[in-house]
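J.: Could you put together the complete structure from these sequences and hints?
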Amino acid sequence: MAKKEYDTFVLTDLALVAEDKETEMIVRDLMPADRRYKYRSAYVFGMVSKDESKYPDRLWVRLGRGQLQEKPWSIKVIKEVNKIPEG
Amino acid sequence: MPYPVFKDNREFINALKANNDLVTIEQEVDWDLEMGAIVRRVCERKSASPYFKKIRDYPGFEALGAPLATYKRLAIAMGMKPDAFVPEISNEYVKRTTGDPIKSILLDKKKAPCKENIWTGKDADLFKLPGPMVHDGDGGRYLATWHFVVSKDLETQAVNWGMYRQMVFDEKTMVGPVLPFSDMGKMFYGKYVPKNKPMPFATVIGCDPLAGVAACAPSPIPEDEFTGMLMGAPVELVKCETCDLEVPAHAEIIIEGEVIPNLLIEEAPFGEYTGYRTSPREPRTVYRIKAITFRNNPILTVSNMGVPTDEGQLLRSFSLGLEMRKLLESQGIPITGVFMLPESTHHMVVVGVKPIYSNIASQIANLVFGSKLSPWFHMVIVVDEETDIYNKDDVIHALATKCHPIRGIRKYEQSVGTPLYPFADPEDRKWSRGAQILFDCTFPLHWPKSDLPIKVSFNNVYPKEIQEKVLQNWKNYGFKD
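Chains as they are written, first to last, in the working numbering: chain A, 1 to 87; chain B, 1001 to 1481.
Keep in mind the hints are simulated off the structure, nothing from the lab. One thing to keep in mind: the hints can contain errors.
[Claimed, not checked] With a straight-line Cα cutoff of 25 Å, these simulated SDA-like cross-link-like pairs (lysine to any residue) come out:
{"#": "1", "chain 1": "B", "residue 1": "K1122", "chain 2": "A", "residue 2": "M31"}
{"#": "2", "chain 1": "A", "residue 1": "K21", "chain 2": "A", "residue 2": "V61"}
{"#": "3", "chain 1": "A", "residue 1": "K76", "chain 2": "B", "residue 2": "G1137"}
{"#": "4", "chain 1": "A", "residue 1": "K38", "chain 2": "B", "residue 2": "K1053"}
{"#": "5", "chain 1": "B", "residue 1": "K1017", "chain 2": "B", "residue 2": "V1005"}
{"#": "6", "chain 1": "B", "residue 1": "K1430", "chain 2": "A", "residue 2": "G64"}
{"#": "7", "chain 1": "B", "residue 1": "K1411", "chain 2": "B", "residue 2": "F1369"}
{"#": "8", "chain 1": "B", "residue 1": "K1122", "chain 2": "A", "residue 2": "G64"}
{"#": "9", "chain 1": "B", "residue 1": "K1197", "chain 2": "A", "residue 2": "T12"}
{"#": "10", "chain 1": "A", "residue 1": "K38", "chain 2": "B", "residue 2": "P1280"}
{"#": "11", "chain 1": "A", "residue 1": "K71", "chain 2": "B", "residue 2": "K1046"}
Everything numeric in this text was worked out from a predicted model, so none of it was measured.
T.: Below is the structure:
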């Protein structure tokens, strides 16, 4: 099965990102089944690694002003978390 | 009515076409960056408005790019000659917006085109609308780039229309900055949040062109009535489906919902009106949607903020400058005009004045910096009547030659700023702190007349009869211009 791709914005020093630890974060789906949903954001629990091959899916990293980092990381999305109350 | 009025976006598109200011793009265009790139290039080249007929993944939807990014399009929107000069458009704007406001009228829902399609519940899904990815690196898709948000004051019931950018987060959620000193910021953070009450909102996309102009204008008149003044006719409104707000009946798309108190979600980055991505991704205000209503074959309006000139810069400069003109005239200051340069990303305003008493430039700066308009600009250039405020070359000449590097410059510290100022320190941006400056380009009144430098220009140092002779013979001499 093809890898899924996500991206995330890291607002701290990249060196401070915890690897191999279940972490809550916001990711954007870059490869949804229905293309209209590309860039949909979600709060997820996931584990990340700076090693591109460690987890099943690819994670691109951007900094606070959108700067794309050259090398992707990898991610395992454990579950989506609903943090927003119904309108 | 002495001028044509466009009751909706579609009539305006027809007018742009009739004035050769529209490029209809039949080829399919991708909402993911391609559409944004086209609109950006249009803004940078001052090209005609692109009208996108086919958007990838979204059959049935269309989009209009850069709807008001030039003075020509503003003149067309005002029902004026497309080649009207800026001072003519300015005078017409001031004339129409001085006097009695024109109350809006309420249409029956059955007569409102924006109710042709109604999505509620699960159907109300933001990804079913072709929100573009405007710039590479943006924090998300911005459905609302040329639009306005309707909200109502909890206590006074005053209605506000304002442009607050909105990024799609998920199917039901949008996020965006609402600065605390903005009209909606004062309502939401000042009144709803302390009571932990959600604030109803309606985002209006693809409105008639003058409603967009009004939503940009920092006028004290309610924006719907201000639109009516610009149009010379009442705006037709209709009730929302899920709250008691009213929206323009002829708009293309309406998104209804609530602004959620005490919840912030990361938004941005986004290419901003200053021509930079200055403010980083940060937790910002959350809009939760309840309904989407739209016309058949809706036409999204898309602006692309970046380096000059886009409609954010042009219209905000235009209306900010003219609201300053009204303020200064209301105080009896002998100004000859006010022009805010769009290329300054509405940071720099030029005020022409008859300097009939000393320190008049300081009085002007104190008034405009002390007004509610002031967070949006920080440079005031005051020139005398021999400088053409609309001529950039002339203004630069005055600035470089008449402004004393010490005596002519006055600094204003500790003022209200915005987080978007590229020059501001990161900590100042975070707290919306700014600074402002006055460039006084008038010669001091106490100088003896005999010591005043004489401006050496065609209009100033030749007798009238020589000027006329040269002008009459200009083509005979062989000049083609």
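J.: Taking only the CA atoms, is the gap from A:K76 to B:G1137 under or equal to 25 Å?
T.: Measuring from Cα to Cα gives roughly 23 Å; hence the hint holds.
J.: Does the alpha-carbon distance linking B:K1122 and A:M31 stay inside the 25 Å limit?
T.: Holds, at roughly 22 Å.
J.: Can you confirm whether the C-alpha distance between B:K1411 and B:F1369 stays at or below 25 Å?
T.: holds (11 Å)
J.: For the pair supplied as a hint, B:K1197 and A:T12, is the alpha-carbon distance within the 25 Å limit?
T.: violated (32 Å)
J.: Would the pair A:K38 and B:P1280 pass a check requiring their Cα atoms to be no farther apart than 25 Å?
T.: holds (22 Å)
J.: Given the proposed pairing of A:K38 with B:K1053, does the C-alpha separation stay at or below 25 Å?
T.: holds (21 Å)
J.: Keeping to a limit of 25 Å between CA atoms, is the pair of A:K71 and B:K1046 held or broken?
T.: violated (37 Å)
J.: Compare the distance between the alpha carbons of B:K1017 and B:V1005 with 25 Å, and conclude whether the hinted pair is satisfied.
T.: Given that 25 Å is the threshold and the Cα spacing comes to 15 Å, the pair holds.
J.: For the pair supplied as a hint, B:K1430 and A:G64, confirm whether the alpha-carbon distance does not exceed 25 Å.
T.: holds (14 Å)
J.: Next pair to validate is B:K1122 with A:G64; report whether the Cα-Cα distance is within 25 Å.
T.: violated (32 Å)
J.: Could you grab the alpha-carbon distance between A:K21 and A:V61 and see if it respects the 25 Å cut-off?
T.: holds (17 Å)
In this structure, the earlier hints numbered 8, 9, 11 are contradicted, and the remaining ones agree with it.
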